[in-house]
Amino acid sequence: MSAEELLNQYGNEYVQALFTTWKLTAISFSAAFVIGIIVTVMRVSPIKPLNAAGEFYIQVFRNISGTALLMLVVYALPYINVVLSYFSCVLVVTILIPSAFCSEYIMSGMNTIGRGQFEAARALGLTFMQIIYRIVLPQSLRASVLPLTNLAVSTMLTTALASQVPMKPTDLTGIVSYINTHAVGGVTAFVISAMMYLATALFIGWVGNRIDQKVRILR
Amino acid sequence: MNTSQTSIRDILYEPPGVKTKRMIQVFTVLSFIAVMLLIYVAVRQFYITGQLDARYWYFFAKPTTWIFLGEGLAGTLEAAVVAGFISFGLAFLMMLGRINNIRAFQAIARALIEFTRGVPTLLLVYFFFLVVPQYGITLAPLWRISLPVAISASGIVAEVLRSGINAVPNGQREAAMSLGMKESHTFLKVVFPQAFRYVIPSLIAELVIVVKDTTFAYVVNFPDLMQNAKVLISNYNAMLPVYLVVAVIYIIINYLLNKASVYAASRTDSTTNTAAS
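Each protein sequence line maps, in turn, to chains A and B. In this text, residue positions in the first sequence follow my numbering: the first is 1, and each later residue adds one. In this text, residue positions in the second sequence follow my numbering: the first is 220, and each later residue adds one.
If you're looking for bench data, these hints aren't it; they were derived computationally from the structure. C-beta: ideal position from N, C-alpha, C; glycine also. Check before you lean on any hint, since a few could be wrong.
If the Cβ cut is set under 7 Å, some of the chain B residues that face chain A in the computed set are [said to hold, decoys possible]:
# : residue
1 : 232
2 : 270
3 : 342
4 : 458
5 : 469
Part of the chain A face toward chain B, derived, beta carbon under 10 Å [to be verified]:
# : residue
6 : 35
7 : 64
8 : 205
9 : 209
With a straight-line cut-off of 25 Å between C-alpha atoms, the simulated DSS-like cross-links for lysine-lysine are [said to hold, decoys possible]:
#  : chain 1 : residue 1 : chain 2 : residue 2
10 : A       : 48        : B       : 240
11 : B       : 449       : B       : 281
12 : A       : 48        : B       : 238
13 : A       : 168       : A       : 23
14 : B       : 478       : A       : 48
Modelling step: build the complete structure from the supplied sequences, incorporating the hints.
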């Protein structure tokens, strides 16, 4: 099938699929970012149970495979009376996994902050929470823009898991399997989706670079 | 990672005073209770829905269950190792293109790297599963999963290799050239072996991504851990326990790989330090 025929027949589906992928990526990344910050604060806090819980959280979700987690959420959780819509199931997976990596990146961003900063902050009499919110987080976030940009791209790649559940409208990966099981889409159906992913990834990369240039701390 | 975490915690706060100690104690107790409550709620949910019944768990006491899961694990590792090697080969070529002086090669390599990093593995899996057969090419299930996983990882591996090449001091190359070694000889015998040592930790970490991606094997009917888990589920009608156990197996494998990467990193650091001193 030529690209023209494909777009005539499935053009609307492609647009919807693209928006689904964008929507999943945007929601997942924002939520993962917030959870990542909370988990990071838990991990550096002086409270032992919170350290342990945070550490457990990131070890689980950075090491589990996306498929295994999706299967658990979609097919196994209903057995303990937790029933979510397919869309929410995908969201749970694409939030939890990137959030663990987000915390890791912010942690390594923290290590770029000089020791003297903490000593100065304490000398000024700032409390732990004040040090975290006024000194640590702003600097470590500014230092981790590029890793977080890569995280946004990999979040987008993770949303391809949406094709594994019967979700309507499906995402950019799901549409390739949909077209190829209904018609002979050939390589074109694949290339269209790939280009849309690629354009999105390049756009995210461009935005990330712009932000990095604006906020990077020159040391 | 671990050393940096302790260091950040150590410098974040000084030894607490009397009041702070009291506060920390209160919050420790409170958060401990909260964590316990969460665990209690989860276990209770399992209990009241009957998921803790022996009929859902007894087959984990049978050796056949573990042999079957072990076979699946062997499949996963086979696919991961094959994908790892292919990926390394592809990455090596892309890296050569990237550090080449010829503009056209650089552009092609950059385009390929961007492509592999911007397209999800699953889409590539569908490409090899649904699209390639339409052109009359039939691949064995092992290749249907290894090839897309390898291609997907190759772009990042290429960048990792390139960062290793850049980390090798220029004097090494110059010394080799002044001994009269050819350019290609210098690269293969002097520069690349050193670069490779620098990036071993990153390459091990990359294996984690490869192992995770091989879970798509069930899409192409390759008998990996996930696929065998599905068979177990239909045999014993125990969805939750099997998926839970499989998830834990994946977590343990990748956790160990990450630990190996950290260990390798600590070793390379010490060896480079002694070499420098």
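Holds or violated: is the Cβ of residue 232(B) closer than 7 Å to a Cβ in chain A? Because about 6 Å separates residue 232(B) from the closest Cβ in chain A, which is inside the 7 Å limit, the hint holds.
Residue 205(A) as chain B interface residue, shortest Cβ-Cβ below 10 Å: holds (8 Å)
Quick check on residue 469(B) please, does its C-beta sit within 7 Å of some C-beta on chain A? holds (5 Å)
Closest C-beta approach of residue 342(B) to chain A relative to 7 Å, hint status: holds (5 Å)
CA of residue 449(B) to CA of residue 281(B), is that 25 Å or under? holds (17 Å)
So, as I understand it, the hint says residue 458(B) touches chain A; can you test that by seeing if any CB pair is closer than 7 Å? Result: holds, 5 Å to nearest chain A Cβ.
Identify whether the interface hint at residue 209(A) stands, where standing means a beta carbon of chain B within less than 10 Å of its own. violated (14 Å)
When the nearest CB of chain B is found for residue 64(A), is that gap smaller than 10 Å? holds (5 Å)
Holds or violated: residue 270(B) as interface residue toward chain A, Cβ cutoff 7 Å? holds (6 Å)
For the pair supplied as a hint, residue 48(A) and residue 240(B), confirm whether the alpha-carbon distance does not exceed 25 Å. Holds - the C-alpha atoms of residue 240(B) and residue 48(A) are around 13 Å apart, at most 25 Å.
Taking the closest Cβ pair, is residue 35(A) under 10 Å from chain B? violated (15 Å)
Just to be careful, I want the Cα atoms of residue 168(A) and residue 23(A) compared with a cutoff of 25 Å; is the pair within it? holds (13 Å)
Checked against the numbered hints given earlier, this structure breaks hints 6, 9; the rest are met.
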